[in-house]
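Model the placement of chain Z on the given structure of chain X, informed by the hints.
Sequence lines, in order, name chains X and Z.
Residue 260 in full-length UniProt numbering sits at position 260 of the first sequence; the count goes up by one each step and never skips.
Residue 30 in full-length UniProt numbering sits at position 30 of the second sequence; the count goes up by one each step and never skips.
Be aware that a few hints might be false.
A pair counts as met if it fits within one copy or between any two copies, since identical chains are not told apart.
What the hints assert, rightly or not - Cut-off 30 Å, straight-line C-alpha distance, at most; resulting in silico cross-link-like pairs (DSSO-like, lysine-lysine):
1. Lys47 with Lys220
2. Lys74 with Lys220
3. Lys22 with Lys437
4. Lys47 with Lys22
5. Lys22 with Lys402
6. Lys437 with Lys220
7. Lys74 with Lys28
8. Lys74 with Lys22
9. Lys437 with Lys68
10. Lys402 with Lys220
11. Lys437 with Lys47
12. Lys324 with Lys220
13. Lys437 with Lys344
Note that these hints are calculated values from the structure, not bench results.
There are 2 protein chains.
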Amino acid sequence: MVQATDLPRNEIGITAALGVLKQQFGEKFQTGNSIREQHGHTTTWLKNQIPDAVIFPQNTGEVAEIVKVCATHKVPVIGYGTGTSLEGHVNAPAGGICVDMTEMNEILAVHSEDLDCVVQPGVTREQLNVYLRDQGLFFPIDPGANASLGGMAATRASGTNAVRYGTMKDNVLALEVVTPQGEVIRTASRAKKSSAGYDLTGLMVGSEGTLGLITEITLKLQGIPEAMSSARVSFDSIGAACEAVMMTIQCGIPVARIELLDTLSVQAVNAYSNLTLPEAPLLLLEFHGSENSVAEQAELFGGIAEEFGGTGFEWTTSAEDRNKLWQARHDAYWASCALRPDAKGISTDVCVPISRLAECVNAAQERLDALGFIAPIVGHVGDGNFHTLPLIDMDNPEEVAKADEFVGWLNDLAISMGGTCTGEHGIGQGKRPYLVKELGGAVDMMVAIKSAVDPDNIMNPGKIIPED
Amino acid sequence: MVQATDLPRNEIGITAALGVLKQQFGEKFQTGNSIREQHGHTTTWLKNQIPDAVIFPQNTGEVAEIVKVCATHKVPVIGYGTGTSLEGHVNAPAGGICVDMTEMNEILAVHSEDLDCVVQPGVTREQLNVYLRDQGLFFPIDPGANASLGGMAATRASGTNAVRYGTMKDNVLALEVVTPQGEVIRTASRAKKSSAGYDLTGLMVGSEGTLGLITEITLKLQGIPEAMSSARVSFDSIGAACEAVMMTIQCGIPVARIELLDTLSVQAVNAYSNLTLPEAPLLLLEFHGSENSVAEQAELFGGIAEEFGGTGFEWTTSAEDRNKLWQARHDAYWASCALRPDAKGISTDVCVPISRLAECVNAAQERLDALGFIAPIVGHVGDGNFHTLPLIDMDNPEEVAKADEFVGWLNDLAISMGGTCTGEHGIGQGKRPYLVKELGGAVDMMVAIKSAVDPDNIMNPGKIIPED
Numbered sequence: 001m002v003q004a005t006d007l008p009r010n011e012i013g014i015t016a017a018l019g020v021l022k023q024q025f026g027e028k029f030q031t032g033n034s035i036r037e038q039h040g041h042t043t044t045w046l047k048n049q050i051p052d053a054v055i056f057p058q059n060t061g062e063v064a065e066i067v068k069v070c071a072t073h074k075v076p077v078i079g080y081g082t083g084t085s086l087e088g089h090v091n092a093p094a095g096g097i098c099v100d101m102t103e104m105n106e107i108l109a110v111h112s113e114d115l116d117c118v119v120q121p122g123v124t125r126e127q128l129n130v131y132l133r134d135q136g137l138f139f140p141i142d143p144g145a146n147a148s149l150g151g152m153a154a155t156r157a158s159g160t161n162a163v164r165y166g167t168m169k170d171n172v173l174a175l176e177v178v179t180p181q182g183e184v185i186r187t188a189s190r191a192k193k194s195s196a197g198y199d200l201t202g203l204m205v206g207s208e209g210t211l212g213l214i215t216e217i218t219l220k221l222q223g224i225p226e227a228m229s230s231a232r233v234s235f236d237s238i239g240a241a242c243e244a245v246m247m248t249i250q251c252g253i254p255v256a257r258i259e260l261l262d263t264l265s266v267q268a269v270n271a272y273s274n275l276t277l278p279e280a281p282l283l284l285l286e287f288h289g290s291e292n293s294v295a296e297q298a299e300l301f302g303g304i305a306e307e308f309g310g311t312g313f314e315w316t317t318s319a320e321d322r323n324k325l326w327q328a329r330h331d332a333y334w335a336s337c338a339l340r341p342d343a344k345g346i347s348t349d350v351c352v353p354i355s356r357l358a359e360c361v362n363a364a365q366e367r368l369d370a371l372g373f374i375a376p377i378v379g380h381v382g383d384g385n386f387h388t389l390p391l392i393d394m395d396n397p398e399e400v401a402k403a404d405e406f407v408g409w410l411n412d413l414a415i416s417m418g419g420t421c422t423g424e425h426g427i428g429q430g431k432r433p434y435l436v437k438e439l440g441g442a443v444d445m446m447v448a449i450k451s452a453v454d455p456d457n458i459m460n461p462g463k464i465i466p467e468d
Numbered sequence: 001m002v003q004a005t006d007l008p009r010n011e012i013g014i015t016a017a018l019g020v021l022k023q024q025f026g027e028k029f030q031t032g033n034s035i036r037e038q039h040g041h042t043t044t045w046l047k048n049q050i051p052d053a054v055i056f057p058q059n060t061g062e063v064a065e066i067v068k069v070c071a072t073h074k075v076p077v078i079g080y081g082t083g084t085s086l087e088g089h090v091n092a093p094a095g096g097i098c099v100d101m102t103e104m105n106e107i108l109a110v111h112s113e114d115l116d117c118v119v120q121p122g123v124t125r126e127q128l129n130v131y132l133r134d135q136g137l138f139f140p141i142d143p144g145a146n147a148s149l150g151g152m153a154a155t156r157a158s159g160t161n162a163v164r165y166g167t168m169k170d171n172v173l174a175l176e177v178v179t180p181q182g183e184v185i186r187t188a189s190r191a192k193k194s195s196a197g198y199d200l201t202g203l204m205v206g207s208e209g210t211l212g213l214i215t216e217i218t219l220k221l222q223g224i225p226e227a228m229s230s231a232r233v234s235f236d237s238i239g240a241a242c243e244a245v246m247m248t249i250q251c252g253i254p255v256a257r258i259e260l261l262d263t264l265s266v267q268a269v270n271a272y273s274n275l276t277l278p279e280a281p282l283l284l285l286e287f288h289g290s291e292n293s294v295a296e297q298a299e300l301f302g303g304i305a306e307e308f309g310g311t312g313f314e315w316t317t318s319a320e321d322r323n324k325l326w327q328a329r330h331d332a333y334w335a336s337c338a339l340r341p342d343a344k345g346i347s348t349d350v351c352v353p354i355s356r357l358a359e360c361v362n363a364a365q366e367r368l369d370a371l372g373f374i375a376p377i378v379g380h381v382g383d384g385n386f387h388t389l390p391l392i393d394m395d396n397p398e399e400v401a402k403a404d405e406f407v408g409w410l411n412d413l414a415i416s417m418g419g420t421c422t423g424e425h426g427i428g429q430g431k432r433p434y435l436v437k438e439l440g441g442a443v444d445m446m447v448a449i450k451s452a453v454d455p456d457n458i459m460n461p462g463k464i465i466p467e468d
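In isolation and in its complexed conformation, chain X is listed as follows (with noise of 0.2 Å):
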């Protein structure tokens, strides 16, 4: 079982530094058990560690504050946002002081003409959403969670949108930083594009608080387009569902969102939102541009889908379908739970080429329904990535033993096909030693260049860096 080993304390840093922020941040340095035990708390099924105090910095000058402290005794620094990580990344293994981002929630400037913002770590991105409507702007990126833009940059997270608008990876403009030295960069300029140099604000997304925290985020924005549509469509097999998925993308069909329900996932959100969608699986689709765009593209693909034996087809432009629909897609993490309420969804997150992903579903429904798994899977098919939600009870050993060979088969299965233990999560504690199996000696870059950048090892230790 990859589980999330503790590491050795430095109990002398700690006890130093503890002192120390205590007399700095008075009422924001917080210590008591129940706080501590939220913080290391997320939706991951990797156990618990907790920090040994959570701070509540209200600025980046006082994030450069905490992080010297550190520095000066050594002592771990964990970056937290709203707590939505699958992969244990705000766990303290080896303690230390978590900072929570919560109160650095300003939207600091809107640069309309510029088709960019600059936000605080703690904004989240429903938040940035409702504050740009005004202005006809929006914020692409929608991972499901109400997530913090400065844990959706640490992780390089994604979702629904990413077919047509990339990830956060292609979407942070620049970042300010503060080293694991408590220095603050900024990692570049709002120029829309550069060569100045190594591209610091790409390694920075997805490094997710091993290289320094992330105190300030440009990101880049999109009009709200004139229209939009939505569409679904259900098909007999899920390979019938992949091969429609497949030519829509051939034929730059430009969709926004293009996601895969298997029967399990129908059938839960059916349950869980009310709703009478055929029992089989489905594809959920939604379409921006003009009004006339939108038309055609709904159209072409219900065309393609028919080809492959689509039925049901039907699209829409009304807002307020088109949002009872995506709430549900939304909800379907929560309606899958609703499975089996006293297990624990253990969250896979392979990405393949796309030209193996029906093959790879397949293998996956197969595999989870011979161990006797309730497993729903939900997939953001226009890139290749998919999850399967193995409902496990977690006092029952041998389930969760099978349940993790599971996880590991899959991932060895994706990697075989030239794709990713992950496409969106992240590594954090528990896909460590996927990380080896996948890039192998450019692991060993990884290690050189987190040895310099953070050489005491003090930012989120025991995450995506291998033990040795």
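Showing chain Z alone in chain X's frame:
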């Protein structure tokens, strides 16, 4: 004058490495004067610094062998593609071995279902697009020159299509790299997206050969659009043209290209390509999509152009007319050089937030006029990136000094506007001081990464990283 300073040579190491490599590579190992001079020579205005030998490897294994020998003897290794760099990237200020990738020019795989391909670094973009045409696919990044894809990745190149398709940063999925230790690593899988650890692909793209040699590139491809249209329109002033560009982007019209030529560039292009474009600031555009969509886009844009005083708006879907117009645009560099045949063009490359573009271009033009320079201006204005090309008599020290001062002034201006000193050409030798002005303390992190990955500084020394 920021010139190409010579760096100390490791004579003993170079002699030893030359002996071993000559033995190992036979005919592929060349030390003739003219071939060495050719390999230091590029379109740059910086002085030529020639390598001690040029090797033409056939495969990754041979590249790894070269690097291992150079690592053993601490001898510089400089990658070479087609020599179209404008910033002295292939100069050898401390001597060493130039690795010419010309013979590693195979297209290794095209995965049409996944819209990606795998190529060797010596494949040029035109070669790739000719190869892909029958499959209905294309690779969109187009820097004008028929550059090698390895060189384009190494410098984070972009060009006319970036406004729609992004830069090399957005279009490289994975790389095979020979590290400074001579190990072969793969930076990512073929999955469309991934959160698997640090983004080494992104780190290598734009690292200008200072962290390793790229030996294989996995690229995203696009389906050839069903239809393309191109358009042109003239304006009274650069400001009006820029306003029209801003409005076009804000309205979400998915332009594939939107290029500005100032009056002098139009005159140069008319003379060079035998055209009769109106002698006024000009926007050239291209639209990609369905037949309906490209017509709609062209007409929407026409309306916007009119609002800002655009005249002579014309659009066409004729491939012949389109190609003629874009060939003229691509020849603008040579057309400009022809305005003063014995002079050298010093291309600037600033990129600013689009809201500051008109101000920046106007200021540059005024200053160039005041200096009495012949200096056409073209711009990838959808991204806020533009090039001025002062044509300088390199034998006139006073003129050279004035040009150098202008370059510095313009870089400083762009940086003060929240922009960058290089949108797409890279830092190379000449822009190192501006990198520090632009990113300050972030450059320390670049230095730390460089030292960790290449502790002996053998990979393309004297580029990107500032002198102590």
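Status of each hint after checking the structure:
no. : hint               : result
1   : Lys47 with Lys220  : neither (36 Å within a copy, 39 Å between copies)
2   : Lys74 with Lys220  : neither (36 Å within a copy, 43 Å between copies)
3   : Lys22 with Lys437  : neither (42 Å within a copy, 37 Å between copies)
4   : Lys47 with Lys22   : within (27 Å within a copy, 59 Å between copies)
5   : Lys22 with Lys402  : neither (45 Å within a copy, 57 Å between copies)
6   : Lys437 with Lys220 : between (34 Å within a copy, 24 Å between copies)
7   : Lys74 with Lys28   : within (21 Å within a copy, 52 Å between copies)
8   : Lys74 with Lys22   : within (17 Å within a copy, 50 Å between copies)
9   : Lys437 with Lys68  : between (35 Å within a copy, 25 Å between copies)
10  : Lys402 with Lys220 : neither (43 Å within a copy, 37 Å between copies)
11  : Lys437 with Lys47  : within (24 Å within a copy, 46 Å between copies)
12  : Lys324 with Lys220 : within (27 Å within a copy, 34 Å between copies)
13  : Lys437 with Lys344 : within (26 Å within a copy, 51 Å between copies)
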